Structures are given as C-alpha cells and as structure tokens.
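**Student:** The residues making up each chain are set out below.
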Amino acid sequence: MIKAKNSLGLVFFPAFDWAISPTHPEREERLLYTRDQLFEEGIADIEGIQFYNPIIAHEKDIQRVHFCVPNVSSRVTDSHLISAGGAIKAMDAVMKGDVDKAFAMVRPPGHHAQRVVYGDRGFCVVNVEAVMLERIRQDYGDLRVAIIDTDCHHGDGTQDIYWNDRNTLFISFHQDGRTLYPGTGFLDEFGGPSAYGYNINIPLPPGTGDEGILYVLDHVVLPILEEYKPDIIINSAGQDNHYTDPLTNMNFSAKGYAMLNSRLNPDIAVLEGGYSIEGALPYVNLGIILAMAGLDFSNVREPDYDEEALQQTKRTTEYIKKLSHLVYSRWQNREKLWAEDIKGKDLISLERQVYYDTDGILENQTQTFISCDKCSGISTIDSQSDGGYHIYAITIPRDGCPRCVDRGHKIYKDISSGNYTNIYLQDRVNDAYLAK
Amino acid sequence: MIVGLDMGGTHIDGVIIENGNIINTIKKPRDGKDIFVSIWEALEELLSNQDTSKIKRINLSTTVSTNAIVEGKTTPVGMIIQSGPGLPHDFLACGDENVFISGYIDHRGKVVEELDLEEINSTRELFIKNGLKTCAVVTKFSTRNFDHEVEIKRLLGNEFDHITMGHTLSGVLNFPRRVFSAYLNAAIHNTFNQFSHSIKKAMMDRGMNTPLFILKADGGTTSLAQAENKPIETILSGPAASFMGLNALLKTHEDALLLDIGGTTTDIFFLVDGVPLFEPLGIEIHSYKTLTRAIYSTSMGLGGDSSVRVENQGIRIGPRREGPPYALGGPMPTPTDAMIALGLAEFGDRKKAIAAMESLARVLELSMEETARNVLDTLGSMIKSKVDQLLAEINSKPVYTIHELLHSRRLKPQRINLIGGPAKCLSPILEKKFNLPCYYPRDYAIANAIGAAMAKLTQDITLVADTQRRILTAGEYGIRERVGRDFTIEDARKRAVQLLRYSAIDQGAKEDEIETEIIEESIFNMVDGFYTTGKNIRVKAQIKPGLIGDLRV
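From first to last, the protein sequence lines are chains Y and D. Residues 1 to 436 (this note's numbering) make up the first sequence, in order. Residues 1 to 553 (this note's numbering) make up the second sequence, in order.
Where hints are given, some of them may not hold.
[As the list claims (entries may be wrong)] To be clear about the criterion: a stretch of chain Y counts as covered by chain D if any three or more of its residues have a C-beta under 8 angstroms from a C-beta of chain D, and this derived list gives those stretches:
1. 1-15
2. 27-34
3. 39-46
4. 49-58
5. 75-86
6. 279-291
It is worth saying that the hints were derived from the structure and are not from the lab. Every value quoted in this text rests on a predicted model; they were computed, and no experiment measured them. Beta carbons are placed, not taken as given, at the ideal position from N, Cα and C, and that holds for glycine.
Take the sequences, apply the hints, and build the full model.
**Tutor:** So, in structure tokens, the structure goes:
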C-alpha cells in the first residue's frame, strides 16, 4: 500500500441527514459522491491517513466568536455545532502532534458568518474556522495564524471577525465582488486600526483559471506568508472556483486545487463552499487530500477536463498580473498607508448594511474601534435588524490591556437597556461572555 | 446429524452432532500429509460406524486457501486493471503480469471513456505468449457498473482456465482491495479447485452425496460450488471456527468480550447483542488488504507459555514463547508456572514451577506467592489494556449522520466468554480487572469443530438504485437492471432480500435457516438545478450470521 509523506488527519462528516431545504445546494447529497470516490480510492487504507469523528462544539465556543441574536440556542443547530466541532477535532489532532496536517470535510460551511448572527447568510450560520481557531487558542495559547480563503466567494464573515486582529492574517481570493455574492472583498478593505494591512483581498475576474490562481499564490500569497511567518496556515478550502460549479464563473480545476495546496502547504484545511457535487467535489477533495498527504496527485482529473478549453484569456492574465502587483505593494506599504489613513484617530467607525440572503434578513450596523497604545483596543457594534432586534455588543480582544478590560466592562454595565433589545459583552481576556 | 471438521495449524478436530448432542469426536495432530488426505482420513475415522445417509451436511474449515497464499503456492496471474483517474496506480501491480488499460467509469457508474479493444487484444496475446492460464480483471467503480469487466472477460475468450472479475467478489467500494482480492482469488483458484475435486471424488467413491459447506472468515459457510468460484472467501476460517465454537458453548444475546487464551497467543473477539462484530472492510492476509468479510479479531502475543522476565523491577510477559513452561521442562518461567506454583493448576513439576517463580521473586524482593500472583495480575492487566484500546477504536469508527453522532450505540461488553488452557485460572483475575462476569466451558477441546459444524450459511448484498438513470446494480450478483422512476427504498429492501434468499437456497440453505436483515440503508434526493430529478437509494442486507440450533452441554 501507499504511505503518506505527511501524516494526515481527516474529519469527514457529510451530515447525510441535514439540509437547508430539500433542493437547496447545501443538502444531504452534497458529499455523497465525494464519499464514494474516497472510499473507492481506498483513502482509509493509506498508511498515515487517519479518520476522526467530529466532537460537538459547545455554546461557549460559539460565544467566543459570535453574538448570536437573541442567543446561541435559537440560531445554532446541532449541525452547526458538529461542523465546527469537526474542524476543532482536526486542528486539535495537529496541535497534539497526532498528525502533521488535517483536513476537515464538514458541512454546513461557515466563512460568511460574521460577528453578529441574526440567521443564515451564504449558507453559513457559524464561522467554522474562527470557532475552531479561538477554541484552539484558548486551549493551547495564542498563535500567529494565517487564514487563506480559497472559496470563490469573498470570506466576508472571516474578514469581519479578524478585521482588527494582526495575529490573524486573512487573505481571500475570490471572484470579483462586482460579479458575485456577497459583493464585497475589495482592495481597500484592509483591516481595522490595529491590524491595518492584515486583511488582504484579491478580487479575480470571472474566467480565471489554474494559471491565474497559481500566479496569485506565487506572487502575492506565498511572499506575504514568507514575511508574516505564521505558526499555523489554515486553508478555508471552498471548492467553487471549479469550472463546473453552478453558482460561479471561474475555471479552476481539481489539479489546480491540488497544486495550490501542495504549494501553500497548509497545516489545516476546512471545506467551505463548492456545489458541483458530482463533477468537482469528488475530484477536488481527493486532490487536496493527496496534496496535503504529500502524495502524487498528477493522476487526479475530472471526467470532462479539457485543459485547452479552460485556458484563461490573455487579457485576464494581464489583469491578474497588475492586480497582484498592486495587492503586494499595498502589503509592503501597509505602515505608510496606516500613517496616511489611520494615524491619530482615537476611534474609527464603519457603517454598513448586511444582507442575510439565505434567511432574508437585513441588518444595519455601526462598528466602532477604539484605539489603544497597549493593545488592539475594544470594539463595539450597534446593530438593528429588520426582524425587530436592536443590539449593542462589546468585544474585549485577546490581547486586551487591563484598562481596556475595565473599560469594556464599564460600558456593558453603564449602558442603558432602554434603547436596546439585547446587550452583549465578549471578554476574550477572561474568556467570558455576558448578555442582558 | 451434522458434521464439523476444522483443520488448524497443529490439529484436526472433528465432531458429529445430532439433535444438539455430540455423538462422536475426533482430535488428531497434523502430520506432514497433503491437506486433502489429512481431512479425508479424519473424516473417514469420524464417520466409521455411522450411517452416512443420515448426515444432513458436512461443514469444513480448511487451511487450503490460507496456506496457498502464505506459502506462495499460487498460480501465476495476469492482471488487467482499469484504474481511471485518481491515485497513482503502480502499487496495484500485484500480478505476475500487470496491464493497466485505458477507459474509465465514474462514481455514478457512467462510462466516461470507452475500452480500447486493441489494448485488450494485445494484452490477451501477451498473456498467452507468457504462458499465463489465469487472469483477473478489475475496473474502478465496477461495483457501480461492471460492463467493462464483463466485456474484457468476453474479449479474452476461452484461452484461459480461469478469469476472476472484481465485481463478483464484493459490493464494497474500495478499488485497491478489489484488485488484491481478485488477484488472490485467481491465484488460489487452481489449488482450491484441486482440493474440492478430490473431496467430491472421494465422497462419490464412498457413495456419499451429502451437501458440503466450507467455513468462511466471517463465521458463516458457503456452498462448495460457490467456494470453487470464490475461494478467497475461505481464507482465515480458523479464528472464525474457534469464535463460532465459543459461541456454541457459551450462548449470549448481550455485548460480550470473547477471549481465546492459548499457549502462545490470546485472540480477542467481540459480540454486539450476541451477533459477531466484523472487520469494517475486510481481512488482511499476507499483507494484502482484501474485501473478504471477516470476524473482527486481534491476536496478542500473550499466553500461558509466554516467557516471563523482570525488567526495571517490573514483570514483563511475552510476546515470545521460548518453549513449554518451566514446570514441563521449558527454559523460562511462564504464567502457567505461576498457576502451578499457586496450586491453581495441577500438572507438571510443581517444585520446578515454584523454583521458576522464586527466581523472579529474588529480583523483585517479594515472596514466591506474591510474585506468582503478580505474574497473573500482570497478564490480566495486559489483556485489559489491549481490550480497552480496541474498544476505544471500535467506538470511534467514523459515522456520517448527525443522528449517529449524537445517538450512536457504543459497544460495551456485559460479560466475558473465555476458552483455552489458562481460562479457568484466569477467570477470577479477569472478573476483577474488567468488573464483568466471566464464563468458560468445561470442555473446549473440540470447540473449533463444533463451531464449524453449527455455522450457518451467510451472504451479504450491497444494492444501489439510481432512479434518475433508472438503474439498479448489485455487482456481486451480476445484477444490473432497469427500475422505474417511482422505485422506492421499500422496493430496494425487497429486492435485496429476494436476491439474498435466491442465492442462499441455490447454495443449499434451508428456508427456515435464512434470517435476513437490513444492515444499512440510505436515500438521497438527486437534484439538478433546483429540481429533484431522482433518488439515490442504497441498501445493504445480510443473512444474519449465527448458529444453527443449540448445543446441549
């Protein structure tokens, strides 16, 4: 039999008894053909590959990351706790040293779930990677982490959660938000005042193929990682850049995904979107597994793969080269840009509308980041949904200084309930969560 | 009247059972004779003075197939492998000639790329040129669509003595295991068929036309005719015989831990609600992972004759056996010596046993009795920790639904059933270690033969219906038929059970012995765009394994 070069933990949890609705893309059947392919290939017999069952995440794990309105139990189901628990199990296996790397093939996905959760958006309720990472940081201490989101849709939830955290570098490449849900993910979304430059978006034109995505990887992502020197690299492994995906317009292939993972060399991968359940997922998942295990993936190929037909245009290639140059130079100049855009401001407020497409909810929110010399500073959210909630939420970051901890608690204590339906405090220094 | 015969590595056991009563037994050491000759001599001796016309069946557990594989007495095989896209395929080259052909069938059973007839033709010529008489043909996803395997076999023509097709062996998805299983099946086909020919001829010469069944690794039997086609199913039936014997001697309907503690090894098995626990995919033989269904069993290098020594002020037992116990003239102290020294067993030279324990006691600075108890206690602890580890593994087997993850039933033994030389002495120790009641039979000398005699015919089926493509497939049964768009899971269950029954009756099972059960099922809506276009239905069923009748002991 074959022996893996890197030992690899797999959490494969297809949740064969859960769907958003019977004909929704996020339905029971989604990982059925992936299972068939992995079983037929005999993946479980490869020496060094080990399967794990998910654990079930706790309410507390969700509260480290999200403000669920009105509370966790009314928004989060077992399926979400298991999906997040699957990712936790995968990362825990790596941290413990049981395996070199791990891949959590879990559903539902999570990268559109933001700090505030009124319901389901982009098929996501709980941000699986963030819940995983914050639990692991709680158990193993702080880590410098890079999350590379390779889903075709902008990872707006993960961006929101790590917006002001320079210990979590977030890089998302995706189909340009002017042509695809959720409509965000542009270059100027560059991070909060304490992490300016540590949120990096690379919006790619429709029709981008293997060549373009691997160009971005080689010329932007890998050089940035080289400089950032993370302890852990996480691939938020959406698979909907695939040329057969029904919801997107890209030309990425299974082999492209495998090459990407081989070069990116992530410690953890977590499945996100990807809805070409027959034509793409079985092959893309297989490619990622082989690449992560350090095995030969040159024979992974979709039935209808036609290299020539999937070539991106010259114009696309030129556009991507220019874009890559621009993104990388912004990263290199991030301190200069900070001095121009942020320096000297005591607080920065962002106003925006968030649409929950899956549940049809509209949210208006103002996030405020209060600068501090000693830590990342506390942040607050004032948010109203068209469902009748009006909430106020305070976050004290993991690196919060004693003054900010006190300040956060004082705001929570002093704020009058009169104007709000719910008030929350997320105290990451003391791993506490309060609600009133 | 039923007859059971088990040929083990050292002995042949035989038994005749009539209405639950043992009416004759035989136990003979193996000599160097041919397997068939040994079996036939034992059978003749067992049946002498019996009215053979009253025998309803003979169940035989043999090492013919196992030995052929382990000793490399196999026929050269030409392998034709269609591996399609996926894993690299070099590691599948297990035959004497291996030809990897083009063509490809996907996970839904759709032909993506056709066979290249020219390729098959040149392969055929290559095999003939190299004098190969036996072939195996395996294509990826042949359990979903076996057209290519059947077509290749047809194109190979009549030049070969035997051709194994992968899909006939198992309905389980696992291409590498299917390749290795098909290879082994082809490689031992000739050996097994020579054996079966000899048996049939000897029986005919004696005027016997008793139905003959062969014990399989899953503790069930198969007809001789079926075994001739699929000899791979008859590998490693020895542990299955001992396991079934244990169940015949000690009946239970609970979760149970079964231990066969011998001189050199301890074999560990489990029952779930009294039903055997199987290996998840299939058994491994001679480093080939196969799809042959088998009883879950683990062997530890730990037994009554394992050598005992002191290391770092602690007692170490096994995994080697250096010879018989010290009390029987062996070179090293053993757990058996501890039993004899304590007066728990009465054989051998007790003075020697005490001397053996004293030699350990001096190093440990303990009394002789304390040391002997310590040895037996350590043995119990070692078994306990191995069993705990196995249970943890078994109880963490992957599940795929939220329901299973939240509610899945955990294996939790309620009792220990024990056989083997040290069983009686170890029973109180194991009871304490596990905090479970321990049971052992009075007489277990011919347990394996009893297990073989009372084993039922077993069979399983994996059936997939795709109502979008309107195809039902049951690869092992060579079934690929049209179904309507309105085909339901209930229809699938019925069809699976019907195919099982036909096959069992065809093999000679009695109607009242066939108890079928659905062991897995699932149903998925298949959606195209936003419309449901069909259902993907999967059903696994089996003839419930177990014993025919009860033994009166």
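**Student:** Each of the hints needs a verdict: does it hold here or not?
**Tutor:** Verification of the supplied hints:
no. : hint    : result
1   : 1-15    : holds (count 6)
2   : 27-34   : holds (count 5)
3   : 39-46   : holds (count 6)
4   : 49-58   : holds (count 5)
5   : 75-86   : holds (count 3)
6   : 279-291 : holds (count 4)
Of the hints listed earlier, there is not a single one the structure fails to meet.
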